[in-house]
Amino acid sequence: MLQLIKDFAKGIWKENPTFVLVLGMCPTLAVTSNAINGASMGLATAFVLMCSNIAISIISGIVPNKIRIPVYIVVIATFVTIVDMLLQAYAPPAICASLGIFIPLIVVNCIVLGRAEAFAASHNPLRSAADGLGMGLGFTLALTIIGGIREFLSTGSLFEIKLISSWTTDFLLPSSAPGAFIILGCLMAAMNYLNIKKSQKSGKVYVPPQGMDCRHCNICDLKHHEE
Amino acid sequence: MSLKKSENIVVLGIFLGVIALIAAVLLGFFDKLTAKPIADAQLKATNESLKAVLPAFESTKVVDFTPIKYYGAFDKADNLIAIAAEGATPGYAGAIVAIVGLKLDGSINAVIITKQTETPGLGTNVCERKFTKTLASVLKGEKPTAALAPNRVLDYYSGKKCENGKAFTVSKDGGTAPYITGATVSSRAVAKLVSDINLHFIENEKAIIEKLTKGE
Numbered sequence: 027m028l029q030l031i032k033d034f035a036k037g038i039w040k041e042n043p044t045f046v047l048v049l050g051m052c053p054t055l056a057v058t059s060n061a062i063n064g065a066s067m068g069l070a071t072a073f074v075l076m077c078s079n080i081a082i083s084i085i086s087g088i089v090p091n092k093i094r095i096p097v098y099i100v101v102i103a104t105f106v107t108i109v110d111m112l113l114q115a116y117a118p119p120a121i122c123a124s125l126g127i128f129i130p131l132i133v134v135n136c137i138v139l140g141r142a143e144a145f146a147a148s149h150n151p152l153r154s155a156a157d158g159l160g161m162g163l164g165f166t167l168a169l170t171i172i173g174g175i176r177e178f179l180s181t182g183s184l185f186e187i188k189l190i191s192s193w194t195t196d197f198l199l200p201s202s203a204p205g206a207f208i209i210l211g212c213l214m215a216a217m218n219y220l221n222i223k224k225s226q227k228s229g230k231v232y233v234p235p236q237g238m239d240c241r242h243c244n245i246c247d248l249k250h251h252e253e
Numbered sequence: 437m438s439l440k441k442s443e444n445i446v447v448l449g450i451f452l453g454v455i456a457l458i459a460a461v462l463l464g465f466f467d468k469l470t471a472k473p474i475a476d477a478q479l480k481a482t483n484e485s486l487k488a489v490l491p492a493f494e495s496t497k498v499v500d501f502t503p504i505k506y507y508g509a510f511d512k513a514d515n516l517i518a519i520a521a522e523g524a525t526p527g528y529a530g531a532i533v534a535i536v537g538l539k540l541d542g543s544i545n546a547v548i549i550t551k552q553t554e555t556p557g558l559g560t561n562v563c564e565r566k567f568t569k570t571l572a573s574v575l576k577g578e579k580p581t582a583a584l585a586p587n588r589v590l591d592y593y594s595g596k597k598c599e600n601g602k603a604f605t606v607s608k609d610g611g612t613a614p615y616i617t618g619a620t621v622s623s624r625a626v627a628k629l630v631s632d633i634n635l636h637f638i639e640n641e642k643a644i645i646e647k648l649t650k651g652e
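Protein chains in written order, with my numbering: chain A, 27 to 253; chain B, 437 to 652.
By construction, these hints were calculated from the structure, which means they are not laboratory data.
All residues carry an ideal CB built from backbone N, CA and C; glycine is no exception.
Heads up, some of the hints might be wrong.
[Stated by the list, open to error] Straight-line alpha carbon distances no greater than 16 angstroms define the calculated EDC-like cross-link-like pairs of lysine to aspartate or glutamate that follow: (1) B:Lys602 to B:Glu578; (2) B:Lys597 to B:Asp514; (3) B:Lys497 to B:Glu484; (4) B:Lys472 to A:Asp110; (5) B:Lys647 to B:Asp514; (6) B:Lys505 to B:Glu641; (7) A:Lys188 to B:Glu578; (8) B:Lys468 to A:Asp196; (9) B:Lys569 to A:Asp110; (10) B:Lys566 to A:Asp196; (11) B:Lys566 to A:Glu143; (12) B:Lys597 to B:Glu646; (13) A:Lys92 to B:Glu443; (14) B:Lys579 to A:Asp110; (15) B:Lys497 to B:Asp514.
[What the hints assert, rightly or not] Now the stretches of chain B that chain A is said to cover, found in silico as 3 or more residues with beta-carbon under 8 angstroms: (16) 440 to 446; (17) 452 to 465; (18) 570 to 576; (19) 633 to 646.
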């Protein structure tokens, strides 16, 4: 049980797919022009991620090594197409229209295939489901936060509700792709800062999750904190 | 020899085939399940657009005059009361699709854009009709009172008509239609689309009305 909670929780902060693993950048930058789009894209991906993780963890024992990637892609594409059809049938038309092409593109979202390869293929279905749900919610959270910041900075509203009613002219930078990059960068820097502070407090050295550290880059100056 | 380490190309092919077959069956099942809801949702979306641009009507009928599609709106006694026309034109980024409500004399009742991919914050201001919700209005539970959210550019066309076969042009090009700074291309596209539809209707008015009112 403890293991399940751990599998679930790591996707939200410690191995957040957007801010730490930096996967799935295409939808992250493209659909997060407002909070509602970010949240619905995140939830669609979370659903696909959980279903594909479960299915892949069940079949991984018998899938020949040589063709495992095509098999995983077929599984993922099936779930994505199902989500696409369900959204068209039951989701509000406005959401459908604004997510449009990005729903089919979940197939090539690195998070989904990445979790299949890195986790689901070597763990049991229950743990894989927890991992998929955690990663999916981490992704949803990240997209909603980026979308919310972009929406607020460009129009002064949040979830399409105007918070500052005298804000009438749109500020275009945050709602465009370059603005999305800048905001994403600021958020990642803030997350690194918090992690470093936290480990300093407990007298430890901050070590990013294995294979995901950024010590080759000296902007955050992680070496300084290690000394 | 275990399946996992198999390198026999026939075994691999069959395995992939079986997986694809299972996927196909699943997809077929979901397609059947969602076919009707998807059609209903699309029909509802069209009906909602028609309601927005036309006076109250009882039933509709579609006729196709490529490239423009006409919807006739009928009242209870089956009299044609108004017509809506759907057409498309290239905008700044991708096609802009509009539904234009037309009175029987050819003048425009209202214009809405049903599909567009213009630049957020610039071109979308030309195309979008959206009520602004404020924190106060949400907390008080206020609902918008007008049927159609205002839009400076689109509202210009309401009640107008292309006189003497002259198309609408934006004020920058010597016309009177408004445009939004930074979104001239989108504004021009909307002016062109509305004129195209209006002129097409005026030109083919007799044929369209005849086709719409002719019995089943």
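Right, here's what the structure says about each hint:
no.	hint	result
1	B:Lys602 to B:Glu578	violated (42 angstroms)
2	B:Lys597 to B:Asp514	violated (26 angstroms)
3	B:Lys497 to B:Glu484	holds (15 angstroms)
4	B:Lys472 to A:Asp110	holds (15 angstroms)
5	B:Lys647 to B:Asp514	holds (14 angstroms)
6	B:Lys505 to B:Glu641	holds (13 angstroms)
7	A:Lys188 to B:Glu578	holds (14 angstroms)
8	B:Lys468 to A:Asp196	violated (43 angstroms)
9	B:Lys569 to A:Asp110	violated (29 angstroms)
10	B:Lys566 to A:Asp196	holds (15 angstroms)
11	B:Lys566 to A:Glu143	violated (44 angstroms)
12	B:Lys597 to B:Glu646	violated (21 angstroms)
13	A:Lys92 to B:Glu443	holds (7 angstroms)
14	B:Lys579 to A:Asp110	violated (31 angstroms)
15	B:Lys497 to B:Asp514	holds (11 angstroms)
16	440 to 446	holds (count 4)
17	452 to 465	holds (count 6)
18	570 to 576	holds (count 4)
19	633 to 646	violated (count 0)
The structure does not agree with the numbered hints 1, 2, 8, 9, 11, 12, 14 and 19 stated previously, though it agrees with the rest.
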